[in-house]
Amino acid sequence: MIPELGHFALACAVALAFAQGVVGIFGPSLRDARALYATPLLALSHFTAIGLAFLALVWSGVVSDFTVENIADFSSSAVPLLYRITGVWGNHDGSILLWCLILSLCGAAVAVAGGGLPASLRARVLGVLGLVSGGFLLFTLTVSNPFTRIWPPPLEGAGINPILQDPGLAFHPPVLYTGYVGFSVAFAFAIAALIEGRIDAAWGRWVRPWALISWCFLTGGIALGSWWSYYTLGWGGYWFWDPVENAALLPWLTGTALLHCAIVVEKRESLKAWTVLLAIATFSLSLSGTFLVRSGILNSVHSFAAAPDQGLFILALLGLTIGGSLLLFAIRAPVLAATGIYAPISRESALVLNNVFLCAIAAVVFTGTLYPPFANLLFGIQLSVGAPFFNQTVLPLTAPIILAMGVGPMLPWKRADLLPALHRLWLAGAAALLVFAVLTASRHVIAALGLAGGAWVVISALIDLFRRRFSTLSRSALGAALGHIGFGVTVLGIAGMTLAVQKVVVLQPGQSTTLGGYTWTLQDIHDAPGPNYTQRVADIVLSEDGAPFLTLHPSRRFFAAQKVITNDAAIHTNGFQDIYAVFADEPATGGAELRLNRHPMAPEIWFGGLIMALGGFVSLSDRRLRVGAPARRRKPEGAVA
Amino acid sequence: MSPLRRRLLFGIPLALAVAGGEAFYVILRRMQANNYDPHALPSPLLGKRPPSFSLPGIAGMQGFANTDLAAPPKPMLVNWFASWCVPCLQEAPMLAKLAAGGLTIWGIAYEDDPQALAQFLQQNGNPYQRLAADASGTTAINWGVYGVPETYFIDKTGIVRWRYAGALTDDVVARYLNPLLAKYS
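Residue numbers (this note's numbering), protein chains in the order written: chain A, 1 to 641; chain B, 1 to 185.
By construction, these hints were calculated from the structure, which means they are not laboratory data. Treat the hints with care, since some could be wrong.
Stated by the list, open to error - So the derived label-pair ranges between C-beta atoms look like this:
# : chain 1 : residue 1 : chain 2 : residue 2 : range
1 : A       : 387       : B       : 144       : 14 to 22 Å
2 : B       : 178       : A       : 501       : 34 to 42 Å
3 : B       : 93        : A       : 558       : 31 to 39 Å
Glycine included, each C-beta is placed from N, C-alpha and C at the ideal position.
Construct the entire structure; sequences and hints are all you get.
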């Protein structure tokens, strides 16, 4: 019964979404006030309908209703409650429903928080969101329905993929999807502005908080995903340049560019068409990223099995959304004229530079990701593009961004002088040079460059904060500085990881080995119970100069239902270094095969991501950035409810 | 910038998106028609001779070495398989049909148990003229075999011309193997 209600709610959501789309887009040009006021209500009811459908699916998962194919295939009654809930979005159909839920949530947020927007702009924004949502809901309902029943129902479900049974997975997809889908609002604002043919400073002010909030979530989602792969996949890597990871990185790059150039639109009414294009590109990349990886075109370690038939439906949707918006852009954008003028050395130019390099990185990552399937198609050659390509191309492009990041916030608008700005940054420069000199002495050039760059970014952002004096500091300036500091910290972490040491050894209980200045002793191997698995645990004692200071318990987990073994890494962190041990195998000769790692600065990679996202939220709390805040200026005092 | 050039410039993103969409469309259609495999991996052996090896026979049959493959009288197949592999079982009737049609097929049993293998051949027929055993799996690593079954086409000069990972089906034979046989005989 409940799954049928969910199915019915989903069908209602499709109708409501299309109604929201049509009324929102065509209503304003009919100058019908009813249409303007109906759209927010439609957006709210559309969100309610998807919410009910989603709850119905979660309920089916919680009570283990195995007549629902989706639950029977990806859950079982032995799975702990948390994962019966999160497992709902751990598979293809359920994750698309989650995606649609977040998209409708964005629409509801605009409907509720967008009271200060002109009614026609709000209706058009909601209309665009409604059409996009309607298309994807139709896809869910027709070819990817999570409520499909099976008869006869199995007695027990197939169980969740053991690697997904992890708290990291519980939060990674919702956070990441919020980031992806949140950019739909910036996209909808861009399309609405193109329809209206007008972009001004107010538009920049309205778009920025939405772009900022999705950027925070996307940053957090990527950091969570990277952290999850670091501790679950058990070989100490945190970024693999896998197509699915690149699919998340691409909108992050263009989204970061969008954040920065929306400031220019807001303050200087310049770069308008470019900002609109970035808003379209960011959401288009989010869409393509979410869906093309599921079509099976891109070769990825993330297995989302989906048939090419679904792929064609999705491609048609993507074609309509992306092609339609770019067509509108080609027709309407040439009339958007820039009004602000600025000198080659100025805040604006620094932001343009940031955009050029971010987009260059995005172009390189895009090319590297899509080259293998296209080369196969055009020339019939099969190849794979891996980490060496990306490392060699992306790192040199990051260097100028790192340099400019320190200087940019110091420059005033319109026209600036480089020398005073550089003069203020002497401390950061000196620190960076010092770090570089110390590390090149120990012959780690890449690590030296990275650590020097990270130090430069962090210190120059701190100098910027002190220069502005905390008392007069606006929250958005504080947020921006935090964002830059977070990026610098991540750079420090990535650079530090190049100094990691690793060793694979087979030890018998009682034997020990040395790595990274520590003595690692395998003390014992024993069995331990688990909820839906059994595990073998290795006890490893670390000692330095003969004094034991730490015991690690990496384990191998046997999931009987799926006949899968996972390695649960043991990680000990002190904030500046991870000690990381994996119990890889029990060889026939006895003992344990262990992978031991010492990762300097590794925690900083995710810590930096957290600071970046935090910076975004701080900036978002700035009163001037709040949605609807512009209304207070346009209306006379006291008119605001 | 002239208005026309401005318009053309602003049309570039659309043109790129259309081209990309078109390419994806073609790829998806070809995936549906089964003649595009995004997961295919090239074999390092294509255009080369197999690396040197010498494997003993198994199940009472004669083994072979890379020198035996140096100049076969006519194009032939080397089929990697194992009695424990389900796709190999599905592939057996196809191999039997090819062998009955006069094609030379030599087999290499990958990490297999002699008794289980003998039983497998008894149940599913034996299409192989020679059968070697790679008990340690070392030769498979040198060949770049990534799973069984895997089939290599060797021409009259002993050069590997084609590698197929997966079970041979009517479709695969019609699409790839028959053209190769026509070309290299």
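Sort out which numbered hints this structure fails and list those numbers smallest first. 2
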